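S.K.: Sequence:
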Amino acid sequence: MVEIEERMDAKQFVEILEKNLLPSIKESGISEEEVIFQQDNDPKHNSKLAWK
Numbered sequence: 001m002v003e004i005e006e007r008m009d010a011k012q013f014v015e016i017l018e019k020n021l022l023p024s025i026k027e028s029g030i031s032e033e034e035v036i037f038q039q040d041n042d043p044k045h046n047s048k049l050a051w052k
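Numbering-wise, the sequence shown is residues 1 to 52 according to this note's numbering.
Read the hints as simulated data drawn from the structure, not as lab findings. The structure presented is a predicted model; accordingly, all values stated were derived computationally and were not measured. Just so you know, not all the hints are guaranteed correct.
With a Cα cut of at most 35 Å, we get these calculated DSBU-like pairs of lysine-lysine [claimed, not checked]: (1) LYS19 x LYS52; (2) LYS52 x LYS11; (3) LYS52 x LYS26; (4) LYS48 x LYS26; (5) LYS44 x LYS11; (6) LYS44 x LYS26; (7) LYS19 x LYS48; (8) LYS44 x LYS19; (9) LYS48 x LYS11; (10) LYS11 x LYS26.
Quick list of the computed label-pair ranges, beta carbon to beta carbon [unchecked claim]: (11) ARG7 x SER31: 19 to 27 Å; (12) MET1 x ASP42: 14 to 22 Å; (13) ILE30 x GLU6: 17 to 25 Å; (14) SER24 x HIS45: 29 to 37 Å; (15) GLU33 x ARG7: 28 to 36 Å.
A virtual CB, placed ideally from N, CA and C, is assigned to each residue, including glycine.
With the hints as extra help, turn the sequences into a complete structure.
M.R.: Put into structure tokens, the structure is as follows:
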């Protein structure tokens, strides 16, 4: 769980994924193929930065 105190932008979104979500998946022992990542159409989720 990550607490966000301000509005999140695309850069923060990507940092959270890289620093928190991806390591959590690896530590859990679940294969990446089994993970379903669901998001809405928020602009930061669909930004060029997020899709790199």
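S.K.: Take a quick look at whether LYS52 and LYS11 sit within 35 Å of each other, Cα to Cα.
M.R.: holds, 12 Å
S.K.: Given the hint that LYS44 pairs with LYS19, test it: the Cα-Cα distance must not exceed 35 Å.
M.R.: OK: LYS44 and LYS19 at ~17 Å, within 35 Å.
S.K.: Are the Cα atoms of LYS48 and LYS11 separated by 35 Å or less?
M.R.: This hinted pair holds, its Cα atoms lying about 10 Å apart.
S.K.: Are the Cα positions of LYS44 and LYS26 separated by 35 Å at most?
M.R.: Between LYS44 and LYS26 the Cα gap is close to 24 Å, so the pair holds against 35 Å.
S.K.: Within 35 Å, alpha carbon to alpha carbon, are LYS48 and LYS26?
M.R.: holds, 25 Å
S.K.: Is the gap between the beta carbons of ILE30 and GLU6 within 17 to 25 Å?
M.R.: violated, 31 Å
S.K.: Does the beta carbon distance between GLU33 and ARG7 stay inside 28 to 36 Å, or does it fall outside?
M.R.: This hint holds: roughly 33 Å between Cβ atoms.
S.K.: Between MET1 and ASP42, does the C-beta distance stay in 14 to 22 Å?
M.R.: At roughly 19 Å between Cβ atoms, ASP42 and MET1 fall inside 14 to 22 Å, so the hint holds.
S.K.: Given the hinted pair LYS52 and LYS26, is their Cα-Cα distance within 35 Å?
M.R.: holds, 20 Å
S.K.: Straight-line Cα separation of LYS19 and LYS52 no greater than 35 Å?
M.R.: holds, 15 Å
S.K.: Taking 35 Å as the top limit, are the C-alpha atoms of LYS44 and LYS11 close enough?
M.R.: Status holds; Cα separation ~8 Å.
S.K.: Quickly compare the C-alpha distance for LYS11 and LYS26 to 35 Å and report which way the hint goes.
M.R.: holds, 22 Å
Checked against the numbered hints given earlier, this structure breaks hints 11, 13 and 14; the rest are met.
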